[in-house]
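Trainee: Spelled out, the chains give:
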Amino acid sequence: MTGNTQQFIRQLAEQAAPVRKLPRPYTRAAAWIGLSVAYIGLVLLLMPERHDLSSRLHDPLFIVEQLSGLVTGIAAALAAFTTVVPGYDRKWAILPLLPLAIWLGSLGPGCIDELNQFGIQGLPLRHNPWCVPFIVLLGAIPAVAMVVMLRRGAPLTPRLTAALGGLAAAGFANVGVRVTHPEDVSVMLLVWHVGSVIVLSSLAGSAGEYFLNWRSVIHASEKS
Amino acid sequence: MKNPGTPDNHFGELMKAAQEGDAAAYVRLLEEITPRLRQIVRAQRRFLETEDVEDLVQDILLSVHAVRATYDPQRPFIPWLLAITRNRLADGGRRYARSAAHEVTVENLAVTFADKSANTPMDEYGDVTALREAVASLPPIQRDAIEMLKLREMSLKEAAAESNTTVGALKVATHRAITSLRKILVKER
Numbered sequence: 001m002t003g004n005t006q007q008f009i010r011q012l013a014e015q016a017a018p019v020r021k022l023p024r025p026y027t028r029a030a031a032w033i034g035l036s037v038a039y040i041g042l043v044l045l046l047m048p049e050r051h052d053l054s055s056r057l058h059d060p061l062f063i064v065e066q067l068s069g070l071v072t073g074i075a076a077a078l079a080a081f082t083t084v085v086p087g088y089d090r091k092w093a094i095l096p097l098l099p100l101a102i103w104l105g106s107l108g109p110g111c112i113d114e115l116n117q118f119g120i121q122g123l124p125l126r127h128n129p130w131c132v133p134f135i136v137l138l139g140a141i142p143a144v145a146m147v148v149m150l151r152r153g154a155p156l157t158p159r160l161t162a163a164l165g166g167l168a169a170a171g172f173a174n175v176g177v178r179v180t181h182p183e184d185v186s187v188m189l190l191v192w193h194v195g196s197v198i199v200l201s202s203l204a205g206s207a208g209e210y211f212l213n214w215r216s217v218i219h220a221s222e223k224s
Numbered sequence: 001m002k003n004p005g006t007p008d009n010h011f012g013e014l015m016k017a018a019q020e021g022d023a024a025a026y027v028r029l030l031e032e033i034t035p036r037l038r039q040i041v042r043a044q045r046r047f048l049e050t051e052d053v054e055d056l057v058q059d060i061l062l063s064v065h066a067v068r069a070t071y072d073p074q075r076p077f078i079p080w081l082l083a084i085t086r087n088r089l090a091d092g093g094r095r096y097a098r099s100a101a102h103e104v105t106v107e108n109l110a111v112t113f114a115d116k117s118a119n120t121p122m123d124e125y126g127d128v129t130a131l132r133e134a135v136a137s138l139p140p141i142q143r144d145a146i147e148m149l150k151l152r153e154m155s156l157k158e159a160a161a162e163s164n165t166t167v168g169a170l171k172v173a174t175h176r177a178i179t180s181l182r183k184i185l186v187k188e189r
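So the protein lines, in turn, are chains A and B.
Sequential numbering of the first sequence, starting at 1, is according to the working numbering.
Sequential numbering of the second sequence, starting at 1, is according to the working numbering.
By construction, these hints were calculated from the structure, which means they are not laboratory data.
Don't be surprised by glycine CBs; every beta carbon is placed ideally from N, CA and C.
One or more of the hints may lead you astray.
[To be verified] So, partial list: chain B residues that the calculated Cβ filter (under 8 Å) puts toward chain A: (1) G21; (2) Y26; (3) L61; (4) L185.
Between the sequences and the hints, there should be enough to build the whole structure, so can you do that?
Mentor: Here's what the structure looks like:
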């Protein structure tokens, strides 16, 4: 063995304090989901304006939309936590695609009806201006928690990991917004809700290398 | 599922012990995986010099060290190690491509005393005052690193002891300081 590397190994071993093993991805995903649900639930409880959801609970498309949005968030969180553990199959990253497709599909019939009714020029895209900021507000704490938790892993695919984390946070926030904002104009939902989730997820992905990189992981390990 | 007695299981046991703070097991693990890593690096990067291969091997070892908490003893060790190795090799390849893109091949490097351009007096090179001001403008950690390592020519170990930090943290601070100095001095030029 080259002397230099031998000496390097000795130095690493000298710094090697006992480490707390990272829990498995599904355990971490469950912890994150618990925290996010608690935060979003608390914000919704504190909201002065409430909507009566009881009539919408009998609408199968509304139920499918909410459930698929929620499952997209859960699947994205699990996939994000898997991508920071070396040795897991990369195919985990495509886990959210199926619920995401169902979510988009649940808006399809409404969009087609509106297109037939109003034509492409008259599609109703006017929207409550607080909707997107509210998704950001509800997703902020889950997103910060996600970043803190992801930074404890290995930054193998920073952009993909961050995009999945962003999708999880924005997906959960969207479900929270839909509880307070149960309109059923599907084109508007597609543009403002799904669009916001996709844009926030893409923004998170493009910033992935700033908060998930080997330099900061190595630096943090030297300080600990 | 792991098979008892396989190298994977052996490495997994050593890493488990290392996670619990067993330094001897950790040294043994790193020493045993190093020849394998060197072999992988050589096979994947045939064009690299021995020193560059060793740099990459050390880079992988440092990464393994930094994320050793992500290893789950219930899962196989070798896929865990190979995922880190592949990732660091890809990063190393990107770094190499970036640095190669900024290098210019010079066939006749003017180094002889007969060549006028090789005899530029050192005093005329650079602006000492600007450099001193640029060093003074650095954040305290980076300034201390530059002063101890470059101006007072202390060893990394001595500087780490004096500043009550680690060798790795000093290396990072020095790297950042040099990047900042380069930016400041280029801007002023």
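Trainee: Each hint: holds or not?
Mentor: Now for the hints, and whether the structure bears them out:
1. G21: Given a least distance of 3 Å, the restraint on B:G21 holds.
2. Y26: With a closest approach of 5 Å, the B:Y26 hint holds.
3. L61: Interface hint status for B:L61: holds (7 Å vs cutoff 8 Å).
4. L185: Nearest chain A Cβ about 23 Å off; hint violated.
In this structure, only the earlier hint numbered 4 is contradicted, and the remaining ones agree with it.
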